[in-house]
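Following the hints, position chains L, W and E against chain D.
Number of protein chains: 4
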Amino acid sequence: MSVLPVLRIYAPLNAVLAATGLVAVAALTTPDMSGRSRLALAAVLAVIWGVYLLELAEKLLRRRAGDVRDRTPAIAIDVVAVLVPLAAFLLVGTPDRSLYCAVWLLKPLRDSTFFPLLGRILTNEARNLIGVATVFGIVLFGVALAAYMIERDVQPQKFGSIPQAMWWAVVTLSTTGYGDAIPESFAGRVLAGAVMMSGIGIFALWAGILATGFYQEVRREDFVRNWQLVAAVPLFQKLGPATLVEIVRALRPRIVPAGAVICRKGETGDQMFFVVEGRVSVATPNPVELGPGAFFGEMALITGEPRSATVSATTVVSLLSLHSADFQMLCSSSPEIAEIIRKTALERRGAAPKG
Amino acid sequence: MSVLPVLRIYAPLNAVLAATGLVAVAALTTPDMSGRSRLALAAVLAVIWGVYLLELAEKLLRRRAGDVRDRTPAIAIDVVAVLVPLAAFLLVGTPDRSLYCAVWLLKPLRDSTFFPLLGRILTNEARNLIGVATVFGIVLFGVALAAYMIERDVQPQKFGSIPQAMWWAVVTLSTTGYGDAIPESFAGRVLAGAVMMSGIGIFALWAGILATGFYQEVRREDFVRNWQLVAAVPLFQKLGPATLVEIVRALRPRIVPAGAVICRKGETGDQMFFVVEGRVSVATPNPVELGPGAFFGEMALITGEPRSATVSATTVVSLLSLHSADFQMLCSSSPEIAEIIRKTALERRGAAPKG
Amino acid sequence: MSVLPVLRIYAPLNAVLAATGLVAVAALTTPDMSGRSRLALAAVLAVIWGVYLLELAEKLLRRRAGDVRDRTPAIAIDVVAVLVPLAAFLLVGTPDRSLYCAVWLLKPLRDSTFFPLLGRILTNEARNLIGVATVFGIVLFGVALAAYMIERDVQPQKFGSIPQAMWWAVVTLSTTGYGDAIPESFAGRVLAGAVMMSGIGIFALWAGILATGFYQEVRREDFVRNWQLVAAVPLFQKLGPATLVEIVRALRPRIVPAGAVICRKGETGDQMFFVVEGRVSVATPNPVELGPGAFFGEMALITGEPRSATVSATTVVSLLSLHSADFQMLCSSSPEIAEIIRKTALERRGAAPKG
Amino acid sequence: MSVLPVLRIYAPLNAVLAATGLVAVAALTTPDMSGRSRLALAAVLAVIWGVYLLELAEKLLRRRAGDVRDRTPAIAIDVVAVLVPLAAFLLVGTPDRSLYCAVWLLKPLRDSTFFPLLGRILTNEARNLIGVATVFGIVLFGVALAAYMIERDVQPQKFGSIPQAMWWAVVTLSTTGYGDAIPESFAGRVLAGAVMMSGIGIFALWAGILATGFYQEVRREDFVRNWQLVAAVPLFQKLGPATLVEIVRALRPRIVPAGAVICRKGETGDQMFFVVEGRVSVATPNPVELGPGAFFGEMALITGEPRSATVSATTVVSLLSLHSADFQMLCSSSPEIAEIIRKTALERRGAAPKG
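Listed in order, the protein sequences are those of chains D, L, W and E.
Each residue of the first sequence is one higher than the last, beginning at 35 in my numbering.
Each residue of the second sequence is one higher than the last, beginning at 35 in my numbering.
Each residue of the third sequence is one higher than the last, beginning at 35 in my numbering.
Each residue of the fourth sequence is one higher than the last, beginning at 35 in my numbering.
Calculated from the structure, these hints are not laboratory results.
Just so it is clear, CB atoms sit at the ideal spot from N, CA and C, and this is done for glycine as well.
Do not rely on the hints blindly, as some may be mistaken.
Said to hold, decoys possible - Counterexamples of contact, computed for chain D against chain L with all Cβ distances above 12 Å:
1) THR63
2) SER68
3) VAL81
4) GLU92
5) LEU95
6) PHE123
7) ARG186
8) VAL290
9) PRO291
10) GLU311
11) VAL322
12) THR344
13) THR348
14) SER352
To be verified - Computed footprint of chain D on chain E, listed as stretches where at least three residues anywhere in the stretch have a Cβ under 8 Å from a Cβ of chain D:
15) 54-61
16) 145-153
17) 210-221
Bound conformation, chain D alone (with noise of 0.2 Å):
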């Protein structure tokens, strides 16, 4: 619980000194630069550096506290981070030292959540991506030997050997097209004409794949994701585990920054919503705040009507929010669900009658 905000600071803060550091690293290889300039640009450099040191050494203490449970390569990185421009600054010569600092590259993967998703959809699907890698190797080297026997004569300093053969193939088939080799004779471009479809023939196996894989492995995630939100929610224990499925599929997840507006009091409404994790205060006459557990904006989905309160939030919250449509695709294959929302709703209503 605690680790959210955490994150939510370092993530950003990590990005930002990242980027700012390589654009950095790479103004300073820019010929015709001032020697102020370049002092200035090695200073940014150096602050993030130390920024990356301050950092590391916090974590390094509080880890040893026990505060944070880190994973390994996460600090690795952040080791690497700090240790490699250090020692390209005691090792290496003027020009060139600032260019290790391109290590801060790694930075981004330490927090993300997309890479780890990609990680695993590139396992998922390791046999099918090396198969479409392969049938680009095999069509490379024959489209390259064709093109070599064709145009070898026409265009000796070329198409002149199969390595040089396989340059042209390569810009061809990716479809980038430079244009420094050419094929001239009739069956080259026929041949390259080829090409380009097959290139285009092998891009598209090569999105489809990806495409299933994703499409895969994202509806996997949001289940698991959210099946651990629901859990958090008393209105839904009373469910059988069939009805639980359905609603885990409907939820939609999603974090508000404090003092953010959920809700306002009069708009016409297409949602409920569920709190999972911090607070929000109802900005009825008498204030209530609702934790963990808790739900409001049921009213849109029942009646319709506009909203009674503005909500907003006091923390950092996050919400399990359930749309319009997906209740009603709910209620007409578990009537149950709708039957715990409606009454808890009027009852809740009955109760306080301004809400």
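Showing chains L, W and E alone in chain D's frame:
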């Protein structure tokens, strides 16, 4: 209900006006143009501006009268489309004055239903799209660094700094391939080949994410829209909610302009229609007019016989059509719907043996 | 039924004739060609035109006799394919006369089942495709405007007007990258990088829409076609509609040319077959011939034993095949189908212990 | 069963050999190479050829002995890989002799499971792929004709005939964009813009078809493979077929090399494992060995407690893993499976309180 025909008139007019205006803006920037043509184009811009002014004035008046409930951002676009060219005319010098009419690019955003859809997809998939953009950025910087180190001695004027190498990297990674910077060393060309393949992979990942997001959002949106339309058909209100969900999934909405023929006597049909809004006329010996909630063409699904009468739209009509194949799927999973349609159809036939 | 073999003959002939004709048209435009070759190519065009004339005449005659029920647009294409070259021959001067034979491009549209499918997809997705095209247009104009303002002073001959900048924008946004116009300023290059990434995104959106539309329409079309074929198999008519829908989803249609072997004695098979149209002969000691509605190869699914006899097609046969894996899925969800197939198979085996 | 480890050894060896050979073939075509390097590369080719000869001889011998049941096309590839270079060595002159070793490109096709999958997808989608290729062809010819008519007077040396215009059209339609032929007239540039957009559309259609076909075929293939593996697990044989189908869908196959650790004591696990083939050893105080049909790691799913023992593979093991999220989905839809696993787990725990 009454907002539909108005939208139908304004949206295309807006698109045509905006397109004409933008063509005029583009044409005004061509250097070799006679003063007379220049004047004519400026007049076109002035006329369009005038139309926009009138449109805005009318909308503000009607809004005051409470006739139109327009969304605030839409009105904001209308105001900006009038004020920005006016300000440019008053404050900016001659040659660039007309460029400010490019603000009319915003006009098509006003009435489109696609942009909100696109917005929702991008919001839903934000995490993954940011992830892919991060991968793109990391690969871009890494590749530029590698290319800089490999090629900086061979081609100092093209790969002499990381920003220069980055230009090559982005042109290659996106498989654009201008051909202005091309690696010459063997290692550089192997790197370029790997970059092109990575570019295709990133592209494919992007396509996979957008395809997945698009599919989910469109399926959801179709459900919501059809659900609202189905609520207007009395026949369906006898059915339980589970059956209703299946019907909603099977129906396809369609808008028919006034005067158009919907089905022609003697043709073999493969769909029946439900009127949601507007009126249709059935050309039987005693012509009949059907309004919202009525249905026709059902014999095509039940007996497969040719259409017994021509039906045409007397007003703009919003229909739901049920195709033969979908009807068969529907009947097999919930026989009650088949029963209802069959019974009603036979009753009607008994009442009107010609129809 | 009898229309099938005729189509099988005409469609490829049409494609070959049209392709030959178009190659001849293309060859006739090459400048360095002897008068003799030119004459030969003209003769080829004349012959094809003659064949098309005969085909049209025969079709019109048979249509009059009521033998063929051809769709009107198909006949219209046949008429145009004859009349346009004739008119060009009579009215147009020599060099460009043959170009009018390019109207034969329409011929492949005539018999294809893919083009109606494509048409339905484009119609279904029209709203989204127009939306993406609008996004493309807006981005194109916006980018051209930005490039014009950034680069007009640096390269007035290439970015001196919005239309010129638009040419660069479309070449870059589609990642074609001719390399004839390349931004030189730093801001221009950053813009170009953003444009390439947007281009990839728009492309991906396009792919996502078409993939979604394609998947839905193909699934629907397969269902309709299989449903019609299944209606011809007596065995299945004992089943309830819900089971029937599942069978329709599991079967895969296949057309086998006359004389081909469908399964060979002693092989291990993983599918059974239903005859929809045509006849097959089973090479048992007393050869048996099976017609529409019969099935064979079912022991492969039930006992997994090798094929007990070779079966070959005596006419063009239209089959439905049921694979082992699909059969197992089918049996688990509706045991009655398994029961029917098993019982019928064992009865038959009792009656013919060799078969 | 025994064929598995052999395949594991041969397939990567074959790939490495073929890749090495092809690199040598490519290197031999580079003009500026010393006689010594040339000799070394020829020696590499000879060695690879020798290995292939030995491999073929061994396979033919073992095949005679009935040890290996290899498919005929696989043997045919082995024979061709030996005979073609031999024939080239005997019959062809020096410089091009080594090119014939390019026949080794076929070797990776031999053991891959991806190519049969690809073949099935292309067969299933043949009709649609041919349809898109036809669209491509028609657009290509139409565009070339238009470009020829627009640009032939402006650039007779580049658009002077339809074949020349077609070269431009294919380079543009595939978004390759070499930049060797670029329309100069205004109409030509508008045409080019439309061509680029069409190219993207055709590409997207292609991707949509392949993605759809891929998804369907992979899902089907996974089902068949898992079904066969599940048949070897006794625990599951108590279940009804409907439940079995759901389990098959939830399980994920995995092959673990001999000696590898499958789960480590004290870790929190999120999956349980079923042994399909091979043996694993459980490092409890009295080490236990489990064989085909056994399962372990189930407490992770039921109580969520950390692994109670380290499990490692003693032979190459084929496992099925059941993830926590999939288990929850499974339990909610068919409580009997949860019951069976829970009961068996608790019995085992009672019998072995340390395990």
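Evaluation of the provided hints:
Interface exclusion of THR63 (chain D) from chain L breaks down, the closest Cβ pair being 4 Å apart, not more than 12 Å. Remark: the non-interface label on SER68 (chain D) is consistent with the geometry, its nearest Cβ contact in chain L lying 15 Å away (cut-off 12 Å). Listed as outside the interface, VAL81 (chain D) is consistent with that label: its C-beta sits roughly 20 Å from the nearest C-beta of chain L, beyond the 12 Å cut-off. The beta carbon of GLU92 (chain D) is kept farther than 12 Å from every beta carbon of chain L, the shortest such distance being approximately 25 Å.
Every Cβ of chain L is farther than 12 Å from the Cβ of LEU95 (chain D); the closest lies at roughly 29 Å, confirming the non-interface assignment. Look at PHE123 (chain D): its CB is around 18 Å from the nearest CB on chain L, clear of 12 Å, so calling it non-interface holds up. Against the 12 Å criterion, ARG186 (chain D) stays outside the reach of chain L, whose nearest CB is about 18 Å from its own CB. With a closest Cβ-Cβ approach of about 14 Å to chain L, VAL290 (chain D) is found to remain outside the 12 Å limit, as its non-interface label requires.
Residue-level check passed: PRO291 (chain D) sits 15 Å from the nearest beta carbon of chain L, beyond 12 Å. The Cβ of GLU311 (chain D) sits about 18 Å from the closest Cβ of chain L, beyond the 12 Å cut-off, so the non-interface label holds. The claim that VAL322 (chain D) lies off the interface holds: its Cβ sits roughly 30 Å from the closest Cβ of chain L, which is beyond the 12 Å cut-off. With a minimum CB-CB distance of about 18 Å to chain L, THR344 (chain D) clears the 12 Å threshold, and the non-interface call stands.
Listed as outside the interface, THR348 (chain D) is consistent with that label: its C-beta sits roughly 24 Å from the nearest C-beta of chain L, beyond the 12 Å cut-off. Non-interface status of SER352 (chain D) relative to chain L is upheld: no Cβ of that chain comes within 12 Å, the nearest being about 15 Å off. Closer than 8 Å: that is the beta-carbon criterion, and the stretch 54-61 of chain E has 4 residues meeting it against chain D, so the requirement of 3 holds. Counting residues of the stretch 145-153 of chain E whose C-beta lies closer than 8 Å to any C-beta of chain D gives 6; at least three are required, and the coverage claim holds.
Figure legend: the stretch 210-221 of chain E, annotated as covered by chain D; annotation consistent (5 residues with Cβ-Cβ distances under 8 Å, at least 3 required).
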